[in-house]
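Novice: Residues per chain, in single letters:
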Amino acid sequence: MHDVAPINPWVALAYLVAGVFFILALRGLSSPASSRRGNRFGMAGMGIAVVTTLVTHELANPIEVIGAIAIGAVIGLVMARKIAMTAMPQLVAAFHSLVGLAAVAVAAAAYLNPGAFGIADEAGQIFTVSRIEMGLGIAIGAITFSGSVIAFLKLNGNMSGAPIILPLRHLINLGTLAAILGLIGYFLTDQSPAVFWTITALSFLIGFLLIIPIGGADMPVVVSMLNSYSGWAAAAMGFTLHNTAMIITGALVGSSGAILSYIMCRAMNRSFISVIAGGFGADDSGGAGGGAKEQRPWKPGSADDAAFLMSQAENVIIVPGYGMAVAQAQHALREMADLLKKEGVNVKYAIHPVAGRMPGHMNVLLAEANVPYDEVFELEDINNEFAQCDVAFVIGANDVTNPAAKTDKSSPIYGMPVLDVEKAKTVLFVKRSMGGVGYAGVDNDVFYMDQTMMLLGDAKKMADDIVKALNGSGH
Amino acid sequence: MDFIAIFSIFVLACFVGYFVVWSVTPALHTPLMSVTNAISSVIIVGALIASAAAGSPVSKWLGLAAVVMASINIFGGFAVTERMLAMYKKKER
Numbered sequence: 001m002h003d004v005a006p007i008n009p010w011v012a013l014a015y016l017v018a019g020v021f022f023i024l025a026l027r028g029l030s031s032p033a034s035s036r037r038g039n040r041f042g043m044a045g046m047g048i049a050v051v052t053t054l055v056t057h058e059l060a061n062p063i064e065v066i067g068a069i070a071i072g073a074v075i076g077l078v079m080a081r082k083i084a085m086t087a088m089p090q091l092v093a094a095f096h097s098l099v100g101l102a103a104v105a106v107a108a109a110a111y112l113n114p115g116a117f118g119i120a121d122e123a124g125q126i127f128t129v130s131r132i133e134m135g136l137g138i139a140i141g142a143i144t145f146s147g148s149v150i151a152f153l154k155l156n157g158n159m160s161g162a163p164i165i166l167p168l169r170h171l172i173n174l175g176t177l178a179a180i181l182g183l184i185g186y187f188l189t190d191q192s193p194a195v196f197w198t199i200t201a202l203s204f205l206i207g208f209l210l211i212i213p214i215g216g217a218d219m220p221v222v223v224s225m226l227n228s229y230s231g232w233a234a235a236a237m238g239f240t241l242h243n244t245a246m247i248i249t250g251a252l253v254g255s256s257g258a259i260l261s262y263i264m265c266r267a268m269n270r271s272f273i274s275v276i277a278g279g280f281g282a283d284d285s286g287g288a289g290g291g292a293k294e295q296r297p298w299k300p301g302s303a304d305d306a307a308f309l310m311s312q313a314e315n316v317i318i319v320p321g322y323g324m325a326v327a328q329a330q331h332a333l334r335e336m337a338d339l340l341k342k343e344g345v346n347v348k349y350a351i352h353p354v355a356g357r358m359p360g361h362m363n364v365l366l367a368e369a370n371v372p373y374d375e376v377f378e379l380e381d382i383n384n385e386f387a388q389c390d391v392a393f394v395i396g397a398n399d400v401t402n403p404a405a406k407t408d409k410s411s412p413i414y415g416m417p418v419l420d421v422e423k424a425k426t427v428l429f430v431k432r433s434m435g436g437v438g439y440a441g442v443d444n445d446v447f448y449m450d451q452t453m454m455l456l457g458d459a460k461k462m463a464d465d466i467v468k469a470l471n472g473s474g475h
Numbered sequence: 001m002d003f004i005a006i007f008s009i010f011v012l013a014c015f016v017g018y019f020v021v022w023s024v025t026p027a028l029h030t031p032l033m034s035v036t037n038a039i040s041s042v043i044i045v046g047a048l049i050a051s052a053a054a055g056s057p058v059s060k061w062l063g064l065a066a067v068v069m070a071s072i073n074i075f076g077g078f079a080v081t082e083r084m085l086a087m088y089k090k091k092e093r
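From first to last, the protein sequence lines are chains A and B. Numbered per my numbering, the first sequence spans residues 1 to 475. Numbered per my numbering, the second sequence spans residues 1 to 93.
Source of the hints: derived by calculation from the structure; they are not laboratory data. Keep in mind that the hints are not guaranteed to be accurate.
Claimed, not checked - Restricting the straight-line Cα-Cα distance to at most 27 Å, the calculated cross-link-like pairs of lysine-lysine (DSS-like) are: (1) Lys468(A) - Lys348(A); (2) Lys299(A) - Lys406(A); (3) Lys89(B) - Lys82(A); (4) Lys90(B) - Lys82(A); (5) Lys348(A) - Lys299(A); (6) Lys342(A) - Lys89(B); (7) Lys89(B) - Lys348(A).
Isolated chain B (complex conformation) (with noise of 0.2 Å):
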């Protein structure tokens, strides 16, 4: 893909976050950073790669150290989201 086709994508993808971010209400602002946390964690993408390809020792160990922490935000992220949206309840009645 050549560089404007991929900065297309990313400038729409800015106009959708936007819109999308303040459609999110208020009370779920922390789940929000927290789930955020777990998905930018998406770099696990770059850290499998560079821990996967031959050729440099030291590349490869970056990339392991990188899949370990980007696995502790994916896996805490999403868990502590979970935890806390499901303490939010309605009234019952």
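Looking at chain A on its own, in the form it has when it is part of the complex (with noise of 0.2 Å):
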């Protein structure tokens, strides 16, 4: 019993559904309103491929699939109800490495057994079409699996997010890459298991030789890389497979991972050869030589005074970063918004790119809080009102307000696209301490302008003392 259900038109009908059940899930994501019904396309989409397949192939043993199927479904619904919103970076990277590993298992899978994919001729020659997608599938997802493995580890603390160089990298990279493909090709003339374990193992080692030099500050454009990989993976075992589900799937998944990781990019004035060649944030001789400037006068500022100022305004914009997310201050930040409000204030977030550790990461974190997504603007839409605006509220970002980025042609963030804070009639910046930087080394000019009060602190505590002030202020 080895070969694949024939040319059904009806089974090939039922894939091409699945595909453009996930077009529509995607296309739901267009807005938050539609967005729901958008998720539960690509669960029937999903249910329509698996339920498709199992009805097409007489199964050896029902009871093993369905038993995998139920581990898998435990292990997933565990990891997503319990995950904390600020993880998500990892989850997504966990989740990446495992469609990679997947990718990597049944393109052996084909390969050791490849009359059971319809792919190799009565000799039990693979087909030599089927040995280029399945030399393609198998590189792609071990690279997807071992860099999103080294990606996870970097996110998760579990590796230090410095970047790690090796003497020659660019040289030992090219060199293995070159050697895939190589072996690629030569795979086309000798399908002997030598030349497919090679390309499997040198494919292994270069994921995790790309991502290992790449810093923590870049690992939102890794993560939208590792979503596009593994997107270009299930294309490749859609080619092998003939599946128009896994096509359109893979091409919809690659599609997105490229257009974030250039969203990205974009976002940080960085281009993606630079990313992938990795290395920034290595050199941290400028971040250190900051220290020995000149102090500069900057006025400090207490809980009353913000909640003073804030309630007294009639425009207030809140610029959340990442810092603001490590403190856990989003249910407090909220509470201080919903104080404001009542007391007649116009409130509103505004959100840079890469205020979070993935792409519309601030986002999520906000609507964990309760707070509402039309009060919370991008970037394009909200900069030029900070000129009308009483007050900016900064808390837990930094670089991503720095006028420098317009102004500095010297500054290692030069041309990124900031939130022009400094125009606001009042910045309260909540930091920390006057010592650190943020993630480029840079100083902010932002600290030590007329109108800028420096609230320094903890974020959540800073946050809770403002509530408390509004709250005594107030009736």
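Work from the hints to combine the two standalone chains into their complex.
Specialist: Pasting the structure below:
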């Protein structure tokens, strides 16, 4: 029993419907209102694909297959329920690694038993086209796996976020990549196990080598890039299996990850190549040297001052950064905003694309704290409103507000789009201490402006104190 | 299906993906990543074929392992997306 269902039009149609449902799933995400319906489309598409496969292939042992699905379901559901929203980037990296490893396993299974997949002739020779697809599939899958494992370890703090720079790494990486491509070419003429497993091993190695030199600050790009790879891996397997659902999905996911990588690169004004080449943040001489600069005067403020200023304001824009999430200040912050709104203050949130640790991360963190999504604005939608706002309240963000990105050509962040907080009548800047600098290791002129008041302390404690002050002064 | 037919589907799907993904609101980029992650686990189809086939026990066990991994992703990915999307609420009033 080794022929795949001969091309049955109903089966092909079912997979096509699954693919269309996946398109609708992504389409739903164009607005939060339609997003949950989109997610249901995704689930339905997956259901159709799985059921179609199960009914068209005679299962050697249904209990094993159902058991395997059940084990995966329990693990997946528990992970989804337990995960903290701040840890989403790690979870996504972990999920990517599983897609990669699953693709490797499927490609290896297809190599060992090509007859079952209908990709070999009578003599057991795998078709030429299938060899290319299989070779690419296992290579991309393996790179996705080992790259995601490193990304996970860095994001989860099991491994230092600092880039690990090997000597001659570009030479080693390019050499390894060339070897993989060369071997895939050779695989066309020789399908012996040695070739296949060498491709696999080298691909695991290159995934590892590619990610270790990339620093923590660039992880949003890396996670998006691995998202893209996991899609291309699925597409390659779709080619091998002639399955439209897999091909459509792979193309969707591949494009999605590529676009997100591009958006993240643009938000940091970094080229994709320079991110991939790695090493950003390895040179800490610039950051350390900043401490020797002359002491400039700055104005300290208290929670009471902040509460008074904001309650008297007409418009307040809150600029949250990842520091806010690390301090778990989002709930206190939302409480503060609620009290201000009660006093008639117009409160909005301004989000920089790299405010979190992955694309859209800050929006999720605010949503979790019950901040309505129609009060949250993206950089390009709100940036011209700072000039009319009375108070810009910066909490846990730094580099994304630095005007040097617009004016100082020598600054490492020059060219990066930033939020124009310096245009607000008053800037309240919550910061742990005056000593620390942001990721980029540059000083921020906003600290020293006349209209800026520095609120030094832990973000959560400061937000709590402002809430107390607002309650005290109020009715 | 011949290679060109499949390749045509692939190229067109890339374009669909390009336009659909640009229309996703930036506020939902994290759920976008988790849901794309869930749907890319449609490779479970390949895993099921491998685990169903007779002939090579190693191939069967690789298939079953892939079924477990893909299932973790499918259930975990859709569930965590659902959990996130449920948090997005409009202003009252």
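Novice: Can you name, in rising order, the numbers of the hints this structure does not satisfy?
Specialist: none
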